[in-house]
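Undergrad: Chains as they are written, first to last, in UniProt numbering: chain A, 1 to 213; chain B, 1 to 256.
Some hints could be false.
Using 35 Å as the maximum straight-line C-alpha spacing, the simulated DSBU-like pairs for lysine-lysine come out as follows [said to hold, decoys possible]: (1) Lys128(A) x Lys241(B); (2) Lys186(B) x Lys138(B); (3) Lys117(A) x Lys241(B); (4) Lys138(B) x Lys128(A).
Just some of the chain B residues that point at chain A, by a computed CB distance under 8 Å [as the list claims (entries may be wrong)]: (5) Gly19; (6) Asn61; (7) Leu63; (8) Asp86; (9) Arg90; (10) Gln98; (11) Leu113; (12) Arg117; (13) Gln142.
Read the hints as simulated data drawn from the structure, not as lab findings. The beta carbon of each residue, even a glycine, is placed where N, CA and C say it ideally should be.
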Amino acid sequence: MGREEFLFLLAGLKWTVALSVVAFICGSVAGLMVALARTSGIFIVERLTAGYIAVFQGTPLLMQLFVVYYGLALIGIQMDAWAAVSVGLTLHASAFLGEIWRGSIEAVPRGQTEAAKALSLGYVSRMKDVVLPQAIRISLPATIGFLVQLIKGTSLASIVGFTELTRAGNIISNQIFQPLTVFGVVGALYFLMCCPLTIYGAHLERKFLTASR
Amino acid sequence: MNQTINSATTTEPMISLSGVEKWYGAFKALDNINMSVAKGEKIVLCGPSGSGKSTLIRCINHLEAYQKGDIHVGGIMLGHGSKTIDAVRREVGMVFQQFNLFPHLTVLQNCMLAPMRSLGLDKAQAEDRARTLLERVKISEQAEKYPAQLSGGQQQRVAIARALCMRPKAMLFDEPTSALDPEMVKEVLDTMIALAEEGMTMICVTHEMGFARQVADRVIFMASGAIVEEAPPAEFFSNPKHERTRKFLGEILGRH
Ligand SMILES: Nc1ncnc2c1ncn2[C@@H]1O[C@H](COP(=O)(O)OP(=O)(O)OP(=O)(O)O)[C@@H](O)[C@H]1O
Ligand SMILES: [Mg+2]
Chain A
1 MGREEFLFLL AGLKWTVALS VVAFICGSVA GLMVALARTS GIFIVERLTA
51 GYIAVFQGTP LLMQLFVVYY GLALIGIQMD AWAAVSVGLT LHASAFLGEI
101 WRGSIEAVPR GQTEAAKALS LGYVSRMKDV VLPQAIRISL PATIGFLVQL
151 IKGTSLASIV GFTELTRAGN IISNQIFQPL TVFGVVGALY FLMCCPLTIY
201 GAHLERKFLT ASR
Chain B
1 MNQTINSATT TEPMISLSGV EKWYGAFKAL DNINMSVAKG EKIVLCGPSG
51 SGKSTLIRCI NHLEAYQKGD IHVGGIMLGH GSKTIDAVRR EVGMVFQQFN
101 LFPHLTVLQN CMLAPMRSLG LDKAQAEDRA RTLLERVKIS EQAEKYPAQL
151 SGGQQQRVAI ARALCMRPKA MLFDEPTSAL DPEMVKEVLD TMIALAEEGM
201 TMICVTHEMG FARQVADRVI FMASGAIVEE APPAEFFSNP KHERTRKFLG
251 EILGRH
């Protein structure tokens, strides 16, 4: 495998990173909304968000990408592969992050909310100043774990024809007929992205475990 | 029942409850509660576990919803909409058994948060007020620390200062010394006594009978969600009228 081919893989890597970043940022914003709706105390809102979460957790990511890519085209919304995959991954991430953060919000002791209420803090301040800073801390290991899943999940975008790292590997491998070398390099590139995150997540988990003792 | 103390005063009570009923499903946690607390009055609320003491004081700032009756605080009628609930919560401070300090904020930030967010003080004003009150509970040198770095007694004094930073008209205490090691009980009680001497209106759920004798204008005894007996401490301890009160006092005083 030559320099040319390697640069092509790096171009794919660039799109993998871009997809991951967009899906994670947009998914975080939407996921925060999902988590807040899920803990709103308003019955109908909680049920609806629970349903939303259940749908995304109960179906394969690949199906979700198909539905967004082909489904939206069927009802007349034209999107290029990049936009469709971004939307699909964002929806997927919002459901998973929403559920992770719901758990973390509920793990903050009730006394915190009660003390905030007794101090006449309104909902926004209670969440922003008291509950969420603690919930985010609690959720960090799981959030990082999901980010790793998300990065690897972007490889499914190759199936709807988007040239990210995995598809770039496929193309090169078909050109130079060295699948083992090519996918070895592709795998190494994924590993270089994910492994530091995994280690960081494990580090945070240990840190919180000792802090909560 | 002994209602002599406040029925004579003509000024509006600071806190009054009339006919308050609270249900948890089919379980009646509060049964026809009538009480009135004058400005500056100190009430000690006691009773066996599960008698509804916490539920009662938590209704006063609407941490618990109640189904029947009326509650007035500082001239505001506590409705069920968020407007009057917020107004009442600005007027009454609450101190919890478990302190409930915000662990991710420093002592100073704990005290500054609510005055800034709900009274609209700017940072300098809030800090000024916080430092003054931390001084008053004798903990100003710990202002930059986090709650976890303080002893239980220190944390509870910070919790008192935090509540006072809202300049409340009344304070509610729910067993403020029950979670403390014995050697720390006194520093918290002393803080409460100082507060009482400054004329704060207080309702304290506590089994510290020494505190009740020294500070309370009235002791109210609850059992099974109802007020069974109320009397000034001297009378309450020396001449309890009801069998349940006598039994309770026997248990609690016998313990010490
Ligand atoms: N969320 C709840 N759901 C159902 N029952 C409850 C709830 N909270 C309290 N209770 C019941 O209401 C009754 C009164 O409880 P409360 O906490 O007010 O008692 P207490 O006098 O403060 O007791 P303690 O001295 O143990 O703190 C108890 O029987 C309790 O089991
Ligand atoms: Mg209680």
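Undergrad: For every hint, state whether the structure bears it out.
TA: Structure-based check of each hint:
no.	hint	result
1	Lys128(A) x Lys241(B)	violated (51 Å)
2	Lys186(B) x Lys138(B)	holds (13 Å)
3	Lys117(A) x Lys241(B)	violated (38 Å)
4	Lys138(B) x Lys128(A)	holds (30 Å)
5	Gly19	violated (24 Å)
6	Asn61	holds (6 Å)
7	Leu63	holds (6 Å)
8	Asp86	holds (5 Å)
9	Arg90	holds (5 Å)
10	Gln98	holds (5 Å)
11	Leu113	holds (6 Å)
12	Arg117	holds (4 Å)
13	Gln142	violated (19 Å)
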